[in-house]
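Since the structure of chain A is already known, use the hints to place chain B on it.
2 protein chains.
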Amino acid sequence: MKALKQRSTCPISTSLDVLGDKWTLLILRDMVFAGKSTYGQFLQSAEKMATNVLADRLAVLESQGILTKAVASDKKSKFTYRLTEKGVETVPIIIELILWGTKHGPAVVDPGLLEELQLGKDAAVEKYQRLAREKALA
Amino acid sequence: MKALKQRSTCPISTSLDVLGDKWTLLILRDMVFAGKSTYGQFLQSAEKMATNVLADRLAVLESQGILTKAVASDKKSKFTYRLTEKGVETVPIIIELILWGTKHGPAVVDPGLLEELQLGKDAAVEKYQRLAREKALA
Chain A
9 MKALKQRSTC
19 PISTSLDVLG
29 DKWTLLILRD
39 MVFAGKSTYG
49 QFLQSAEKMA
59 TNVLADRLAV
69 LESQGILTKA
79 VASDKKSKFT
89 YRLTEKGVET
99 VPIIIELILW
109 GTKHGPAVVD
119 PGLLEELQLG
129 KDAAVEKYQR
139 LAREKALA
Chain B
9 MKALKQRSTC
19 PISTSLDVLG
29 DKWTLLILRD
39 MVFAGKSTYG
49 QFLQSAEKMA
59 TNVLADRLAV
69 LESQGILTKA
79 VASDKKSKFT
89 YRLTEKGVET
99 VPIIIELILW
109 GTKHGPAVVD
119 PGLLEELQLG
129 KDAAVEKYQR
139 LAREKALA
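If you're matching them up, the sequences are chains A and B in order.
Residue numbers for the first sequence follow the working numbering, beginning at 9 and rising by one.
Residue numbers for the second sequence follow the working numbering, beginning at 9 and rising by one.
Extracted from the complex, chain A is given alone in its bound form (with noise of 0.2 Å):
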C-alpha cells in the first residue's frame, strides 16, 4: 500500500493529499465520461500523460480504495480498473471542475453535456454516477 502524507484534519487537505495533482482527476474523468478502464485506454487521452505518472497514480488510486485492479477477462497479461463507490463519489467534484472550467478558461466543451448541466447540475450528478456503477458492476 502506498503511504500518503496527512497535512491536517481539514477534509479539503485530506482530499487534496488524495487527488490534488493535475492527473489524478484526469484518470477518473477517462473513467466516469469515456468509460476507460485499461492502463493504455489511459495512456491514449489528448493530455498525454507519461506512463511512470500514470502508473504512480493509478497505485495511489488502488492503495486509496477509489478505484480496484484486475486481470481482465479476455486477456491475461491485461488489467482493468474499475471505480469503487468512494470513486463514483468523486463526480461532483469532476463536475464542478468542469462549469469553472468552462465558465473560466480556455476550454472547449461538449455541447451536450454542457446543456445537460445547465439544465440541472444534481440530475447530471446522479446520471454519471448511476453509469459509473453499472460500469463498475459490468
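Take these hints with a grain of salt, some might be off.
Identical copies carry no separate label here, and so any pair may be met within one copy or between two of them.
[Stated by the list, open to error] Restricting the straight-line Cα-Cα distance to at most 30 Å, the calculated cross-link-like pairs of lysine-lysine (DSSO-like) are:
(1) Lys135 x Lys84
(2) Lys44 x Lys111
(3) Lys143 x Lys77
(4) Lys83 x Lys111
(5) Lys30 x Lys77
(6) Lys111 x Lys94
(7) Lys143 x Lys129
(8) Lys13 x Lys129
(9) Lys56 x Lys94
(10) Lys129 x Lys56
(11) Lys111 x Lys13
(12) Lys135 x Lys56
Derived by calculation from the structure, the hints in this document are not laboratory data.
Frame of chain A, contents of chain B only:
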C-alpha cells in the same frame, strides 16, 4: 504574467492546469473560510506551506485573475490578497472536496460547517460565496 501550459481543451483539464496541486485550493480555502488575506496569514496554516510554494501559487492565482494583490492600507510593505469573482466561483469545488473528504478521508470537520452542508449544499455554497464577495469588497 506566469504562463500555464494548457494540456487540452477539456474543461476538467484546464481547471486542473490552474487548481490541480496540493496547495492552491488550500490558499483559496483560507481566504473563503478563514478570512485570510496576507502572506503571513497563509503561512500559519496547519499544513505548513513552504514560503517558495506559497509565493509561486499566489503568483499563479494572481496571473490567472483568481485573486488581486494590493498594498495593505495599514503597512506599505505588506500586501493584501482579495478574491475576484473567478476566485469566489471556486467555492462549489471546495465544498465538494469538504464533503468527499468528510465522508472518505481521515478528516475532522467543524461540526457547525458540517451541519450547514448537510442541511443544504446550495445554501452553504451561496452563503460562503456571499461572505467571500463581501470580504473582497471590504
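Here's how the hints hold up against the structure:
1. Lys135 x Lys84: Neither, since 32 Å and 52 Å both go past 30 Å.
2. Lys44 x Lys111: Both: 26 Å inside a copy, 26 Å across copies.
3. Lys143 x Lys77: within (14 Å within a copy, 46 Å between copies)
4. Lys83 x Lys111: neither (42 Å within a copy, 36 Å between copies)
5. Lys30 x Lys77: Classified as both: same-chain Cα gap 22 Å, cross-chain 25 Å, threshold 30 Å.
6. Lys111 x Lys94: both (27 Å within a copy, 9 Å between copies)
7. Lys143 x Lys129: both (21 Å within a copy, 27 Å between copies)
8. Lys13 x Lys129: For Lys13 and Lys129, the Cα distance is within 30 Å only across copies (29 Å; inside one copy 33 Å).
9. Lys56 x Lys94: Both ways: Lys56 and Lys94 sit 26 Å apart in one copy and 28 Å across, limit 30 Å.
10. Lys129 x Lys56: within (29 Å within a copy, 35 Å between copies)
11. Lys111 x Lys13: Cα proximity of Lys111 and Lys13: across copies only (18 Å, versus 33 Å in one copy).
12. Lys135 x Lys56: Within one copy, since 28 Å is at most 30 Å while 39 Å is not.
Going through the hint list in order, the structure does not satisfy hints 1, 4.
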